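Student: Here's the letter readout for the chains.
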Amino acid sequence: MNWEVVIGLEIHTQLSTKSKLFSGAAVGFGAEPNTQTTLVDLGMPGALPVFNKEALRMAVMFGHAINAEIGMSSVFARKNYFYPDLPKGYQTSQMDHPIVGKGYLDVMLEDGTTSRVGITRAHLEEDAGKSLHEDFQGMTGIDLNRSSTPLLEIVSEPDIRSAKEAVAYVKMIHSIVTYLGICDGNMAEGSMRCDINLSLRPKGQKEYGTRTEIKNVNSFRFIEKAIYTEIERQADILEDGGRIIQETRLYDPEKNETRSMRSKEDANDYRYFPCPDLLPVVLTQEYVDGIKSTLPELPSQKAARFQSEHGLSEYDANVLSSSRAMADYFETANNVAKDAKLTANWVMGELSKLLNQEQLDIENSPVSAEAFGGLLVRVKDNTINGKTAKDVLQAMWNGEGSADAIIEAKGLKQVTDTGAIEAMIQTILDANAAQVEQYRAADEDKQKKMIGFFVGQVMKASQGKANPGLVNPILAKMLKGK
Amino acid sequence: MFEQSISTLAQQLRNKDISSVELTRLFLARIAKLDPQLNSYITVSEQRALEQAAAADTLLQNGNGTSLTGIPIAHKDLFCTEGTLTTCGSKMLNNFIPPYESTVTSRIQQAGAVMLGKTNMDEFAMGSSNENSFYGAVKNPWNLDMVPGGSSGGSAAAIAAGLAVAATGTDTGGSIRQPASFCGITGLKPTYGRVSRFGMIAYASSLDQGGPMAKSAEDCAHLMQAMAGFDEKDSTSADTPSEDYLANLNTPLTGLKIGLPKEYFGEGLDSQVADIIMAAVKEFEKLGATVKEISLPNLQLSIPSYYVIAPSEASSNLSRFDGVRFGHRCDDPKDLLDMYMRSRAEGFGTEVQKRIMVGTYALSEGYYDAYYLKAQKIRRLIKEDFVKALDEVDVIMGPVAPTTAFGLGSKTSDPVAMYLEDIYTLSVNLAGIPAMSVPAGFANGMPVGLQVMGNYFAEAKLLNVAHQYQQHTDWHIQTPTMAKGA
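Residue numbers (our numbering), protein chains in the order written: chain A, 1 to 482; chain B, 483 to 968.
Hints listed in this document are in silico derivations from the structure and should not be mistaken for laboratory results. Some hints could be false.
Stated by the list, open to error - Pairwise CB distance ranges (calculated):
{"hint": "1", "chain 1": "A", "residue 1": "E54", "chain 2": "B", "residue 2": "N732", "range": "41 to 51 Å"}
{"hint": "2", "chain 1": "A", "residue 1": "G24", "chain 2": "B", "residue 2": "L769", "range": "41 to 51 Å"}
{"hint": "3", "chain 1": "B", "residue 1": "E714", "chain 2": "A", "residue 2": "N268", "range": "28 to 38 Å"}
{"hint": "4", "chain 1": "A", "residue 1": "K206", "chain 2": "B", "residue 2": "V869", "range": "46 to 56 Å"}
{"hint": "5", "chain 1": "A", "residue 1": "N268", "chain 2": "B", "residue 2": "L769", "range": "33 to 43 Å"}
{"hint": "6", "chain 1": "B", "residue 1": "K859", "chain 2": "A", "residue 2": "K102", "range": "19 to 29 Å"}
{"hint": "7", "chain 1": "B", "residue 1": "G618", "chain 2": "A", "residue 2": "G24", "range": "31 to 41 Å"}
{"hint": "8", "chain 1": "A", "residue 1": "N268", "chain 2": "B", "residue 2": "S777", "range": "56 to 66 Å"}
{"hint": "9", "chain 1": "A", "residue 1": "E363", "chain 2": "B", "residue 2": "K859", "range": "51 to 61 Å"}
{"hint": "10", "chain 1": "A", "residue 1": "R262", "chain 2": "B", "residue 2": "A514", "range": "52 to 62 Å"}
{"hint": "11", "chain 1": "B", "residue 1": "G750", "chain 2": "A", "residue 2": "K102", "range": "46 to 56 Å"}
{"hint": "12", "chain 1": "A", "residue 1": "T284", "chain 2": "B", "residue 2": "A729", "range": "52 to 62 Å"}
{"hint": "13", "chain 1": "A", "residue 1": "M139", "chain 2": "B", "residue 2": "A536", "range": "40 to 50 Å"}
Model, not experiment: these values are computed from the prediction. Beta carbons are placed, not taken as given, at the ideal position from N, Cα and C, and that holds for glycine.
Let's have the full structure, built from the sequences with the hints guiding it.
Tutor: Spelled out as structure tokens, the structure:
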């Protein structure tokens with residue numbers, strides 16, 4: 001059977017507020033357990049929540065960025081369940097009246113097409129704490145540092161039809177929230193986590209199949225793999241005439257499999273009701289419009305500008321605008337280099353390669369955007385050639401100083417004196433008289449292949465400093481014996 | 483001395499007729515002598531009281547302080563007090579010493595009052611008789627076989643017996659007004675949001691309201707002066723300045739329009755109580771007020787509505803008592819579920835468990851619309867009834883409870899009869915308006931309270947009305963015989 005996959009995603013985004021959603025405690029990763037807590041986060045009797053207005057501002061920003069309706073009167077509800085790391089016995093979240101209502105995103109796929117993914121809602125909620133099982137033999141430790149950390153839960157419509165589309169969508173959300181500066185986007189530290197709702201149906205069928213929910217997947221790669229794995233699992237069951245059980249599953253990246261966590265039957269009844277400790281959050285149009293005017297340029301707007309202003313290709317513009325840090329790096333470097341195409345190639349090429357090798361984000365690049373631009377200036381004015389530039393970049397990466405300093409110290413200046421190049425070529429031709437004979441005897445096609453040998457010899461003799469743009473025509477001319 | 487008002491005592495302290503330490507010792511001695519009969523205190527914080535009294539004396543020496551400076555008072559045991567046991571009347575919290583102070587107790591402390599201790603109460607403020615306390619029932623000082631009312635029964639009994647000059651209470655469905663009525667003292671439930679709930683252990687958050695309990699309206703005004711006002715730590719607290727509650731006490735009542743809701747005088751109301759209320763209303767007419775019959779047509783719906791909303795919120799509020807971080811934990815739990823179940827089964831009393839179950843049921847999927855949502859709709863109707871009525875009249879008067887204090891144990895087996903006790907008080911909490919209980923007479927030797935209800939944030943008006951009445955009557959200065967024995 002030809003199956004169609006139907007995917008809806010819930011993305012939990014940790015907002016980068018300074019303090020928690022309902023208390024003044026600091027939000028931060030890696031602090032000593034239970035040091036970033038107040039009475040509220042600890043669920044002490046008599047403690048009351050006070051809503052963080054910064055989280056509100058961030059949620060409204062996000063709403064604008066996805067073309068959504070903003071909830072002018074949003075309500076916090078209590079989601080009740082027992083768990084040791086849930087100190088109040090309920091999680092304060094939003095149910096009926098979320099802060100961000102219906103919106104959408106146009107997602108660019110790898111084949112260049114665009115697909116619109118509907119966003120049902122995005123609501124604010126507080127995170128729970130953490131249970132620690134290591135270091136506590138036969139017992140469980142509780143760390144409430146994360147308790148009441150603000151999350152924006154972004155719920156999509158079941159509009160996604162492939163793993164690639166799902167990843168593209170999540171990447172786009174990632175890029176938007178980091179552009180807006182409302183989330184650090186650090187998936188490894190749990191700043192973004194994703195729940196995947198997935199079902200299959202025969203192609204052409206209108207009704208959805210029974211879905212499963214895969215909880216807490218925390219990397220782009222795992223999202224893709226979890227979806228492939230779950231599609232395969234569900235397809236196998238359906239092909240065999242079986243039924244899919246509606247349940248919550250976990251993705252295990254080590255075994256690359258999804259595992260059942262709990263079925264619908266033992267799912268909690270969360271007994272949602274409006275939290276009586278918090279008033280409805282009522283917004284004015286001025287407030288909402290005021291936030292709209294503070295929105296930064298978003299990825300799609302930036303990509304369009306990179307094409308029109310810098311003449312970049314659509315592909316390059318999209319890659320460079322996919323993260324704010326990369327876009328900023330590109331623009332800063334280009335301000336120095338004044339050659340957008342060259343800068344784009346080098347940022348996407350050599351720089352990205354080095355960053356990938358060391359698994360560094362561009363904002364942590366040891367070579368600053370300005371310094372990188374300085375290197376490109378020297379490529380552009382032919383002081384060094386591309387090959388030398390790679391070596392200079394490596395030296396810069398190792399902290400040996402600016403491009404100019406390294407070029408000077410290592411004497412890497414390109415030889416552009418035609419007289420010197422001619423002399424060098426003459427020496428090479430004299431030393432390889434036999435090859436010159438063969439060359440001259442060969443036909444034109446063969447000559448094209450043979451010239452590489454002489455270029456190599458010249459570059460070797462010049463220690464890479466000869467300008468290839470000059471070497472090639474002079475060599476060709478001299479080989480012809482004219 | 484124990485019968486004096488706050489104003490008089492404040493004057494005597496200022497004149498150095500007595501020191502706060504002497505006054506505090508006098509009350510501590512009375513507690514030691516009389517409280518074994520009453521059981522109105524769970525904790526007597528003698529050392530803290532004497533330290534605070536000494537500090538108050540220093541302030542007074544220098545001519546500083548407020549009218550509360552050096553005055554010995556008590557707090558209901560659901561206000562968290564830093565370093566002092568706070569049990570909420572429950573075994574669940576019988577080892578709980580908060581590392582923080584509630585806004586109410588903190589403000590009263592800042593005003594210089596001396597805390598004698600923490601008063602007994604129905605467990606988690608659930609009850610109308612004070613028989614639901616893990617620390618045993620409180621007795622009514624007017625008759626030790628009678629209940630003092632609940633849930634602030636400890637505070638009411640302590641004041642009536644002269645074991646505290648005044649006290650704090652909380653009122654979720656009548657828990658300040660009904661014990662005030664049963665014990666012959668004056669109690670005010672302020673507008674929801676007028677007094678901060680921070681540090682008050684929650685029963686039903688949308689209904690709970692802390693307020694003053696004292697011998698007179700004037701004394702309540704002294705307490706309100708300190709405890710009322712916006713608190714940034716409570717999102718539901720009213721972000722408007724509170725009034726000067728003492729300034730308007732002597733405004734004449736000429737032209738005051740009193741509404742008498744006909745539903746408050748129907749079936750179930752004890753005829754002697756009815757007569758006392760009507761006599762009190764006559765007294766107001768003598769003071770220049772006019773009376774008008776009004777209607778609160780949805781009154782009878784307030785009990786079912788309350789008994790859905792309050793337990794629903796309670797079931798959620800009480801989830802934090804799970805044995806994980808504080809409070810009672812069962813011995814040797816075999817797993818997590820066992821720990822939750824046994825800690826909660828052992829820690830909570832029957833009435834609390836009953837209400838948690840009711841609330842959990844009412845909020846469950848499939849029942850939410852039929853119960854919780856419906857109850858909220860009724861709540862709106864009740865609120866609209868009051869708003870409409872208070873458009874026509876300045877205050878509404880009626881009984882606080884259908885009867886005087888009943889016998890200990892007489893209603894414990896009949897929960898519905900017990901819940902009906904609150905018919906005249908619950909609707910006020912559902913609407914969020916302020917209301918008082920003012921001593922208005924005696925039936926069968928037991929006190930009867932007149933309920934005075936007013937518009938949102940009209941606390942100053944209510945205190946004025948009650949104070950004027952108390953200038954012309956002496957019901958509020960009657961003292962039970964047992965109190966005179968020490």
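Student: Check each numbered hint against the structure and report the violated ones by number, ascending.
Tutor: The structure conflicts with hints 5, 8, 12, although it agrees with all the remaining ones.
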